[in-house]
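Novice: The residues making up each chain are set out below.
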Amino acid sequence: MTLLALWFRRPIDLGKRLVASRHLAGCAALVAALSLATSALAQRDLKDIPDPDPEIERAALELPDGFEINLFAADPLLAKPIQISFDPDGRLWVASSETYPQVKPGQQADDKILVLEDSDGDGKADKTTIFARGLLIPTGIEPGDGGVYVANSTELIFLKDTDGDGKADTYRVILSGFGTEDTHHLVHTFRWGPNGQLYFNQSVYIHSHLETPWGVRRLAGGGIWQLRPDTLELEVFARGLVNAWGHAFDRWGQSFATDGAGGQGINYVFPGATLITAQGADRILAGLNPGSPKDCGLEIVDGRHLPDAWQGSLITNDFRAHRVCRYALTDDGSGYASRQQPDLIKTKHVAFRPIDVKQGPDGAIYIADWYNPIIQHGEVDFRDPRRDHTHGRIWRVTTKGRPPVSRPQLSGATTGELIAALESPESWTRHFAKRVLKERGESVLPDVAVWLTELDQRDPHRDHHLLEGLWTYQSLNVVEPTLLNRVLAVKDPHARAAAVRVLGAWHEQLPDALSALETHVADENPRVRLEAVVALTHVGTAQAIQVAMRALDKPMDRFLDHALYLAAHNTQAVWLPALEQKQIDFNGDARHLGFALESAESAAAVMPLAALVRSGKLPADQQTGASALLMRFGGPAELSLVFDEALAAPSNPARCVELLTGLVKTTRERKVRPAGDLGRLTPLLSAADEGVLAAAAQAAGIWQVEPLRPRLLELAAGNETPDAVRTAALTGLAALGGSASRDSLVSLAGADHPTPARVAAIAALVSLDVDRAAAMATVLLVHPPDGLDLQPLLTALLGRKQGPAALTAALKGQTVPADTAKLALREVRDSGLVDADLLAALQTAGGLKAAVVKLSPDEMKSWVAQVAAEGDAARGEVVFRRAECLKCHSIAGAGGRVGPDLISIGASAPVDYLIESILDPSNKIKENFHSLKVATDAGLVYSGVKVRQSDQDLVLRDVDDREIVIPLDTIEGTPQPGLSLMPVGLADALTRGELIDMVRFMSELGKVGPFAVDKSRVVRRWQVLTNTPESFRGVRHGDLDLVVKNDQLKWTPAYSQVSGSLPIAELPFFELSNHTTQSLLRFELDVTTAGRVELLLPADGIFKLWIDGAAQSWAARLPLDLSTGLHTVTLVVEPAKLKNLRIELADVAGSPAQVQIVGGK
Amino acid sequence: MTILLAQLAFSAALGLAPLGPSVAQAAEAAPQNAAQPAAATEAEKFELRDGDRVVLLGGTFVEREQQYGYLEAALVSHFPGRKIIVRNLGWSGDTVWGEARAGFGQPADGFKQLVAQVEALKPTVILAAYGANESFAGPAGLDAFRTGLKKLLDALAPTGARLVLLSPLRHENLGPPLPDPDAHNENLKLYRQTISEVAAERQLQFVNLFDGLMIHEFAAPSIRLTDNGIHLTAAGYWRTAPKILASLGLPDTPWLVEIDGQAGKAVKTIGTEVVEISHSDQGLRFRLRDQFVPEARPPADTSELARINRAGRRTLRVAGLAGPWTLLIDGKEIDTFPGEDWAIGIVGIDGPEVDQGERLRRQIVAKNELFFHRWRPQNETYLFGFRKHEQGNNAVEIPQFDPLVASKDARIQELTVPVEHQYEMIQK
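Taken in sequence, the protein lines are chains S and W. Heads up: the first sequence at position 153 corresponds to 153 in this note's numbering, and the numbers run straight through without jumps. Heads up: the second sequence at position 302 corresponds to 302 in this note's numbering, and the numbers run straight through without jumps.
No wet-lab data here; the hints were simulated from the structure. These numbers come from a predicted model, not from an experiment. Beta carbons: idealized from backbone N, C-alpha and C, even for Gly. Treat the hints with care, since some could be wrong.
[As the list claims (entries may be wrong)] Computed footprint of chain S on chain W; a stretch qualifies when at least three of its residues, placed anywhere within it, have a C-beta under 8 angstroms from a C-beta of chain S: (1) 59 to 66; (2) 139 to 152; (3) 173 to 181; (4) 249 to 256; (5) 341 to 353; (6) 418 to 426.
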């Protein structure tokens, strides 16, 4: 085996390997070689391992003007750095793992903690010490308290050198019980907070169960922990994110996180926030850069060595695409807006894998380069011979012409010097001065107190100095109310916000905490209000939650809304009983009460909410939420309230439909229907509005309103009945049940009825008599009538537990025309509910072959070679767009969300992986895109990717990008992992040449070059007006104002190319009587802070433009003054005159506006 | 070399053991006294038989034992040469409901996992230590705990294994800033009581770790047995292991050799056998074969008092020598004392037997690490979980740990058998 393993280290192609290994070691070697074949497959295009010479790599790194880079340390001094962290002496500590991704049987893991020193200050490490070894995949490191905290798989340990030889000689387990379900999710990203607490992260597959002297703390899935090491108080700071390897505090103590598998760029994290993937969370706080590539590591940089524009910049790593990125933050209400800036480093060097970043004592930026041509171990084999285990670099980025900051001497400094360092312009210096002060203990506090009283009133940073002082007390766990009150009253809202957080932490020792928080929840600054809401949640009494709702008296935003929702939701077990016992009344304010009750999202909140609805005091904008909650948890009486609302909305048919549909769904899922006389439905069954008619027909059925049977039959059989109403009436009849319904449906499915009606009748019959329905469906398949739409038929059968089996049985021995069978197969594959037996039955009946293409290694090799030699990315983008990939995948946030965003797929996925994923989608599935198949007690089957799961519901995203909410109570058995939702056979319609071009295009996505998505804010997701008779009439008559306002017209999604341009030739157009052509397009802007922005418009070809239906005149730089909320920009363009349709959003100097271009499907 | 005068050991141990009329008596009395505090008042004698498969079950207390091995070494060394397989299934945060083992499932799935993990090992003996984590729920959680414990025992009953229930440890008071444990200890008492009641109902052996085992240590603030109040340090495990055994009716036999140096005759032996004794050119020579492999050396963090307290476990007394005499074992010099000290008795004889005890413990730790990689491998998601279609091919490596574990088991079995050693007293 040794011989074999050594030999495999040399990169050679697969064919030779297989043959050679047979000769080499006989049968045993063959087995090993075959198991390695997958790895070889996965990275076949990476045959050329780059020369590991650091100088070659350095020369390939591209930096912006004014910056330079040097090698700080490299192999063989260190290998595979994972996290880096400085100590107060400026030494750089490194956690490194050669064992990753998996210890081998018989291998003694020997991973190391290294200490790098640059003793002469020349920017290069000149001393390396192995502080500890024998560790197993250490993923986090933070020096402090005289030793170093290290993540060691299941444990958080503290290593200390007690005899001064530079090597750890004590090993103390601080916490154990961290999960290890995935070695790139292990507990990681250690970071001291400004308050002296230790923060660390775990990722989405990890389940941790940690015993502390204060009790057991558990966290399933991703999140950030907070530990006070001296007391061992441990709490979950925030939950969620996929694989968050970056967490940094800004100078005001606010937390930001990056996600190595998330794709929302910078995430603003306040205490308790539930971010994407947070388990059990009903509501999620989105990141600040949706559609952004995934980032690893995070540092907020500042100080005299960096240019002014870089102060407070966030530096992180797009390790897939070999880049180091920069983001800039600005305030956006209580939260932040984040904008990506030009890259700090980019390169074509395939082994440059920046994964951690820290600013150093000299103000330079240090980057840990994991140096590996291969990332990941989920998709690429653990034992891929090209996986690098021996190299690693630390790079140091400096600015030209600015001297390095002189490195502070802290550990030997006097207390006075340390206190003076708290005023340093460098966060590094303040941070470590505070660390050293903390480690010296409470004896430093009298000097700190003197310093704080003597601060210069005119110092512009005085408020910040006060905050540093407050944090010093907090680090030492000494409550200092006078100082706290002083900081709570300062002018700078950032400092006030930070002080409110301290107030929350100290509330038990402060008698007047609640009244202080009542003041700050009404602060003029939204972030202070948010911190007050968070602190009140921490206090957690009914009184506190009542006070928190006062935040509603001032403007809200999405961050505040999330915080306030969590405040009410997480503490409902406390305040709901208090409300019932009239100990609180939510300040006598219906809006406060309504918000709290809706946030509870529980059955216990239904009664008081219903009472509030009946009282008529609930504000109008809370009605929708109230109805939704009543439907989710209410009994017959509460549903009856919703039914009343539906009946009372004849002037608003859309609202009536929404409520009726919701009630029907409620009855189906929860088997409860409104109380009272359901015959009140009768007038709705004669409504003019088709939607109302259809919803009422369904309701009549599922509510068993037998007297309405004749009317349902009439609608079902009527020649004039619109299709949607007919289908609803048939469904209603099926729901009414019994032999009468069955006979009616069988009769309506007869050959004497029009084909769509027959199809709808059979689809409805599925729920009553699945075998009969399958038999009748088979008749249609065998003798397909004209105009046969298989989709409703197959959807009904596939969505029913016994459906696929029944149809499989009915097809036995039958012959289906090949084309019909192909269409049926496509429907089954597109449904996301793929059933292998049914696929086989359809193939047999149609005399077809299997569609999954499995390439032999040789075939794959030739494909990969052809992609490299002949693939044309530009042509490939055309193919990609034509193949409708964007229906399910987005690029930079524009497109569907069923599959992963492909923004940097080319930089992370090897070519053969791309080919395989297209030909055989279920072979490799990206994390978080595994589908689940869920059966319910109503006999229904759903399939989709899990979006979230709360205590009550499982939410899936189905193949059509719809969120499906399934109450957990109704789920039968355990949801089964399903296949990829990506349909098989997508490539069938493509020629080999087209496929080669498309793969080439995908392989370029994210790499340095024309197919890297640039940072500018370009409109990528559009809607274009489809040319239908109605829209044609409108456009042709020239009343464009009416067209723009007409919400009945059909708009379809369109997406810009990677370059940001929308291809003009692809636009649907209207030919006018003067033979010119026009196209109508629109896009949306989401404004979170009102103000002025500019749209950069094409110079020619825009005929007319509207903002929210109000016409605007054209300007190349069109200024817009936007209020908060969603805004629609509609354009009429003349394709013939347009050269390039690309619209960019730009900031206006001095404007507070925060605007995002809406992405998605 | 930790050889101490018996006199020293005795005086240092004054607070811990009753005064005896002689050093020898003190040394001999030690085992009984050590066993006294343990709660095994009427416990039947615990025995491990040839072919037994022992499963250790519980939270961090059990889980962390695998890194130290003191308890496991104490268990197997009591039954020299028997084929006994011990598997540590401890899981941090574990409770009788098993929710810490749920993985990607719902908390309730953890219980199924817990039972399945035990069943898979086909145990004949199960030591279950619960109640510590559950106790944080206080009196309000007691009924649920009792029900949960019974449900767990019912679920484990089909294995047919002999069950032993361990109470939680006392929460040690380490002073601020760690929490004052008084209130928690009141709760722990309630849970201990519940476990003992359930054990009595079912006639299961019960080990009272709360009251009996470490009362002295907890009373003496200078001796820490835990790192944080609730989790034992290495020294804590070292100190606790023999006491658990004693509570099971398996007090560790002391080792005493009393020789009449003039007559060249063994007067008395405990825990060992004089195979052969003779005068040599330079002095006295005798071969000893111990009954049991002794416990491993105390870990570095063991307090001096605790070391001394245990030092009396191995005492050699040779009467009738004058002047300095040196003890050699297997030709290796151990230490030199004047004849009058040898006559009083030297305690803490630390030679190759203790080496073997330490080797046994290290092999156990190594075996446990291999087994950990076997039953709780990293990357389970890809090897066996819902992403196994990607990296499941690497799951073939995991059973490759089995032969490695088995070879350690065999080595452990070998190391439980004491071997003969040549002792020699020579005059310097």
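Novice: Each of the hints needs a verdict: does it hold here or not?
Specialist: Now the hints, each set against the structure:
no.: 1; hint: 59 to 66; in the structure: holds (count 4)
no.: 2; hint: 139 to 152; in the structure: violated (count 0)
no.: 3; hint: 173 to 181; in the structure: holds (count 4)
no.: 4; hint: 249 to 256; in the structure: violated (count 0)
no.: 5; hint: 341 to 353; in the structure: violated (count 0)
no.: 6; hint: 418 to 426; in the structure: violated (count 0)
This entry does not satisfy hints 2, 4, 5 and 6, going by the numbered hints stated previously.
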